[in-house]
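*Asks:* For the protein sequence lines, the chains are U and A, in the order given. For what it's worth, our numbering labels the leading residue of the first sequence as 1, then goes sequentially. For what it's worth, our numbering labels the leading residue of the second sequence as 339, then goes sequentially.
Just to be clear, a hint being listed does not mean it is correct.
[Claimed, not checked] Straight line, CA to CA, 30 Å or less: simulated DSSO-like cross-link-like pairs of lysine-lysine: (1) 652(A) / 206(U); (2) 733(A) / 231(U); (3) 733(A) / 206(U); (4) 663(A) / 206(U); (5) 231(U) / 652(A); (6) 842(A) / 231(U); (7) 663(A) / 761(A).
Just so you know, these hints were derived from the structure itself, not from any lab.
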Amino acid sequence: MSQSTKMPSPTVAASTPTELVTSSTVKSVLPQRLASLGTLLGLVAMVVLFGVLRPQIFLTGLNFSNILEQVAILAMIATVQTVVMVVGDFDLSVGSLASLVGVMVAQLLVAGFDPIVATAFGLGAGLLAGAVNGYLVAYLGLSAFIATLATMTAFTGLALLFSNGATVFGLPDSFIWLGQGRIGPVPVPIIVAVILVLVVWFVLSKTVIGRKWYAIGGNAEAAKLSGVNTKAVRFSAFLVSGFGAALAGIILTARLASGHPTAGDPMMLTSIAAVFLGITLSRAGSPTIGGTAVGIGILGVLSNGLNILQVNSYVQQVLTGVIIILAVSLSRLSKKTR
Amino acid sequence: MTTSPTSSAPLSAPLLDIRGLSKDYGSIRVVNDIHISVSAGTIHALLGENGAGKSTLIKMVAGVIPPDAGHLEIDGQRQQPKNVADAQALGIVALPQELTLVPGLGAAENIYLGQRQPGSLGVINHRRLERNAREQMIRLGQSIPMNTPVGELSAVQQTMVALARALARNARVLVLDEPTAALTDTETEQLFDVLRGLRAAGTSIIYVSHRLEEVFRLADAATVMRNGSLVWTKPINETTTNDVVAAMIGRSQGEIFPPRSKDEGIEVLRVTDLTGYRLRGVSIAARSGRVLGIAGLAGAGRSELLKIIAGAQKAVDGEVRIDGKVIRGNSVKRAMVAGVALVPEERRSQGLIMKESIQGNIALANLPRVSRFGVASRRRERAMATRKVAELQIKAASVRQPVEELSGGNQQKVVLAKYLEQKPRVLLLDEPTRGIDIGTKAEIYTLVRGLASQGVAVIVVSSEIPELLGIADEIAVLHQGTLTGVVPAAETDEQSILHYCYGKSN
């Protein structure tokens with residue numbers, strides 16, 4: 001047994017393949033639990049590290065509120081991405097859909113539509129886009145990768161078309177409140193994100209449709225033979241992601257006080273990364289909302305802490321990539337042990 | 339290359355000697371101490387029912403899986419191939435039933451796939467490759483287009499490519515698993531000519547087939563296996579079809595079966611002229627309180643029949659009625675509401691979510707019973723699972739345990755529990771005892787009979803005819819998608835069922 005199994009640490013990834021094989025045959029419970037909690041320990045370690053390095057800036061209530069505000073919109077997208085990934089698919093179009101909806105809503109507002117009407121229209125467009133994805137994947141049987149890659153490209157094109165490739169300014173204050181306002185001391189985006197997270201958590205863990213989503217992700221054939229209408233249920237997961245992406249796009253536009261045709265795009269990959277980080281915490285290897293929350297926490301704390309340390313933003317990207325690889329390979333190791 | 343033979347070996351000495359090969363899967367011995375001698379230049383047939391252990395045996399010979407005991411002797415030298423490459427180096431090449439050719443590549447590329455060409459420095463010399471490939475085909479006495487992707491060749495041409503590949507690897511012992519399954523009659527003759535030619539050139543062939551008539555035309559000797567053990571090996575001219583069938587069947591399985599129903603029951607399920615994938619115009623009926631067995635060879639359409647009844651597969655034509663009411667097809671949900679439950683064939687890939695708990699698996703097929711207004715109750719799920727675990731005597735640490743940690747028999751009981759909780763009126767069981775130990779089998783037989791006596795109409799599909807004879811009241815036999823007979827189980831025997839299986843309707 002190698003030291004690395006007892007205490008997951010970056011050294012595991014550096015050990016040779018032979019050592020990995022040896023450690024994967026070890027059959028004891030404690031190292032497994034530790035490894036499966038590795039991602040959470042990683043988050044704690046990061047908070048401690050940044051706290052020690054810059055206690056007077058990092059460890060303040062204001063800074064934590066900052067982190068939450070920074071990740072709120074990503075959290076919305078990652079939350080609905082979790083649903084699609086529970087079903088065993090993923091949605092590459094969430095980022096560009098958020099951009100598209102943002103631009104559409106901004107144009108409607110500039111054209112003088114009431115913010116409530118514009119927002120409702122944006123959410124409806126999100127549901128429609130989700131329905132297209134869901135139809136392609138669940139009913140036409142395209143792979144989620146190909147279907148959502150195609151719609152992602154198309155949504156980006158539409159966003160550029162509707163905005164002429166430029167940023168749309170001139171949004172009313174009542175709309176901007178959605179992104180910059182506060183209810184009491186709490187920023188609105190955080191409230192929206194928390195509500196969405198709680199609702200999706202409830203649906204995933206307590207309801208019949210949640211059971212069906214997990215069943216399809218676990219074994220679609222067994223689910224079908226158990227009486228689950230696998231097509232309709234898979235379709236519904238994409239409806240959720242379409243709605244969530246639209247919601248995130250609207251809040252993002254309000255936060256930026258402008259509609260930008262590619263503003264939401266980077267959130268697609270980050271949302272998938274957050275879900276994958278969260279999966280490492282699950283014993284069954286399936287996504288959970290709690291896990292995704294930890295994943296978002298890691299990405300948020302990392303980016304905030306590195307900013308405070310004034311680390312070059314390109315280096316930040318490299319570090320983010322390395323951390324995702326570390327976390328996922330650690331959990332793969334612990335899965336092999338079982 | 340092959341090891342050099344001891345020069346003193348007489349001509350009649352066996353080329354390949356299988357010495358006591360055995361294999362256990364868990365507590366089940368699937369191949370038990372098999373001894374077979376294959377002489378050079380002979381075709382040796384390997385016969386037995388589904389599950390007799392033939393496939394496992396040839397996999398061990400070909401180096402695909404390691405034996406738990408025993409070894410091979412080649413030219414009198416003790417050998418044990420550790421993997422497929424090892425076996426090929428010893429001259430043993432197996433052709434699986436589904437040929438492993440690359441459909442997009444030409445014949446020459448396929449023949450030499452994975453073999454190093456001397457002096458090529460990693461660059462493929464197509465002209466030389468083709469010339470060599472043609473030479474191999476000439477050894478087979480065949481000529482086929484070298485540049486056509488093999489996926490576009492006929493089935494027999496593909497078999498020829500696979501044979502040429504074996505020859506290019508200096509095969510001295512060829513293992514063929516059902517090589518004629520996909521061939522027409524003319525193609526079969528073409529293949530037989532080639533095999534006879536190879537035999538004359540000194541190659542030994544182990545020939546696995548269900549088609550006894552072929553075996554008697556082609557083979558020099560035959561070995562029959564049953565339940566993993568060897569029954570006998572005889573020269574082909576010292577045996578008969580009846581002799582072989584009797585050896586394949588053996589004697590009856592004993593008294594693990596509960597007594598049959600005396601209840602005539604009432605008709606619950608009626609299937610009329612059902613046509614669909616692998617199924618042509620099948621009409622059968624099932625009665626409450628009775629067990630209907632369905633026999634047939636692999637691919638005869640047994641599972642497909644059950645799937646269509648259960649709404650898991652489309653019917654092109656025909657209808658399914660429960661209590662006289664037509665059930666609109668292709669929806670598992672509708673069939674379930676009508677009282678039909680299908681316990682699927684493959685418990686791992688179709689019956690269970692392996693990482694999910696016992697509780698979660700049972701609840702999945704019974705969500706309306708554990709939920710209210712779309713919200714599922716863990717408490718009710720647990721209560722349901724706990725009750726089922728007790729009823730079916732499922733051995734598990736707790737209802738929260740993932741099913742992947744359970745034994746095969748207990749996994750099968752979880753699958754049964756899922757569907758029994760639906761309280762079906764028509765219970766369809768597809769291979770309900772495959773791969774589980776004899777004790778659990780007996781429990782399942784008792785359970786099935788118990789359900790029938792409570793008024794459920796049960797249909798059991800099984801590849802094991804003795805099992806059907808023991809558990810069923812009537813047996814319906816399918817052959818290539820059509821019904822060839824329905825007989826009372828008490829008035830028939832394995833041999834007559836086999837005759838129906840091979841398409842002879844009396």
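*Asks:* Check each numbered hint against the structure and report the violated ones by number, ascending.
*Replies:* Numbers 1, 2, 4, 6, in rising order.
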